[in-house]
Structure formats: structure tokens, C-alpha cells
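A.B. asks: Per the working numbering, the sequence shown starts with residue 1021, numbered consecutively.
Worth double-checking, as some hints may not be accurate.
With a straight-line Cα cutoff of 20 Å, these simulated EDC-like cross-link-like pairs (lysine to aspartate or glutamate) come out [to be verified]:
| id | residue 1 | residue 2 |
| --- | --- | --- |
| 1 | Lys1181 | Glu1251 |
| 2 | Lys1023 | Asp1036 |
| 3 | Lys1052 | Glu1041 |
| 4 | Lys1181 | Asp1209 |
| 5 | Lys1181 | Asp1079 |
| 6 | Lys1023 | Asp1079 |
| 7 | Lys1181 | Asp1151 |
| 8 | Lys1023 | Asp1099 |
| 9 | Lys1181 | Asp1222 |
| 10 | Lys1023 | Glu1034 |
| 11 | Lys1023 | Glu1203 |
| 12 | Lys1023 | Glu1234 |
| 13 | Lys1181 | Glu1234 |
| 14 | Lys1181 | Asp1153 |
| 15 | Lys1023 | Glu1197 |
In case anyone wonders, no lab produced these hints; they're calculated from the structure.
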Amino acid sequence: MVKDPFRIRDHVPEFDDIVAEIVRRSAETRAKVPMAADVPYGPNGTETVDLFFPQGKRDHLPVHMFIHGGYWRMFSKRDYSYVADTVTNAGAIAVIVDYALMPSVRMATIVDQIRRARQWIDDHIASYGGDPDHLTVSGHSAGAHLATMLFDDNTRPSGIKGALLLGGIYDLRPLQESFLAAEIAITDDEVERFSPINHRFDPGVAVEISVGAEETPPFHSQAATLAERFEGQGLAVSRTSLAGANHMSSVRDLGIAGTGAASSLARLLGV
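Whenever a hint applies, use it, and build me the whole structure from the sequences.
C.D. replies: What follows is the structure, encoded as C-alpha cells:
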């Protein structure tokens, strides 16, 4: 039987071990890095962010927004606190975003939440010592997809300086034929409205599109297609293949200094 290329567990034998590791690393980060937990950006209980701060630096700091993955249906911001290690070590505030999960909500709700979380940064991050005019964003898997929704308007500046898209999904249609059909049942309307390959983007955003070298073919082909779309619309685009990395080890490595993923994130932050 041919394995579903989108079913990550079938291609990453150490899936559970990596999840356990990032949960442990996240707990360690929350214990050692100054933070403000569960800050609301909206009225729903899932509409919160965790803020992490560099040691001893509180004024006019650059800000980085991270959006977690999980095919829009699993994980939470608490599982990804460890990303703040790389961000705060670079002297920036990390904003780790939570959002509601499918299938209890539809994709339009999640996209709206992510956009409102970004607006919260504009409106409130200065009171935490951040500079809303120095904002970068990253996301992994579904989070990379959602990150593109923050600069998918070519008629006005997005206010985002740069983006790192790691192992993302940019064409939703193949997911309708994957194992996810039974779990989140992406509709034709969602494919049309929320596939980044169908959108026009702010040409002022510099983007790095990164994929683990050991990812399955659709992740590589979708990254290549999105890069072509970006280049055709005038965005500055770079592509990286993370040697030896799969879908899960690549996101784990965002918090481990010296790895390919952490180096990409540090580069985005200007280190």
C-alpha cells in the first residue's frame, strides 16, 4: 500500500519522541525565559498569545510572531514555547499564537484569528516593550500556511519585514484526497479561498521558504510552486533545504542553536 505523503506519522518513525521532546523543551523555556502567559487578543478562550522577552531588554524591541502547525487540528502554543529560545537570544520578543482547531471551527475562523492576533501586536506590543514596526513572522506546516495569510494583500503594505515558512502547505486541494478528508473535510470553497498559491502578496515582504530534505515530495513541490508565485509577484524569495531533516525534526530544530532551522530563524531576526 502506498503511504499517504501527508500523514506525517507514517514517514517519521520518531514522531512521538520528537513531540515529547518539544513539549519538554517548551516547559523548560517557560520556566527560564521571562514571559507573559495567556494574553488575550480576542474574546474566545483560544484567542491568546504567550509573550517571551530577552533578559534585561524591554524597550523598542523587534517582535517575532510564531504560528504552530498540526494540520489546523492539533497542538497548541504551549507545545512551541521552545521557539522563543532562538527568538529571545536574538534580542527580540517572541509572540507564540494560539488559535481554535478544526473541525470544531472552519478555516475562515482560524485565518481571522491569526489576523486579529497580528493586529493585537500592532495595537498593544509597544506596552510590552516591542516595536510593532519591526515585525517578522514564521510558521511551520499549517502555521506556514497561516503565516502567508498575514501578507496576502498586494494593495497595501502588510507591515511585516520578513517571513520564514517551514514545511508548509500552500495548495489545499491535495488534502481533500488525503487522510485529512475524514478529519477536517476541507471544502472546495476553503481550497479556493485559502490556498496561498491563489493569492496576491505584499511585494515588500522578504520570504525564506524552507523544507526538510527528508520531507515527502508534496512538501518540496508545493514550496517550489509558491516560490515561483512569489518571485512572479516581485517578492524577494530564498529557498533552503534542511539537510537530514524531516517534517518534525525541522520544527524541533527551530529552538536548537546551530541547526539549519534555527540558523534560518536567526537570519530572519537579523543575527
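A.B. asks: Hints broken by the structure, by number, lowest first?
C.D. replies: 4, 6, 8, 13
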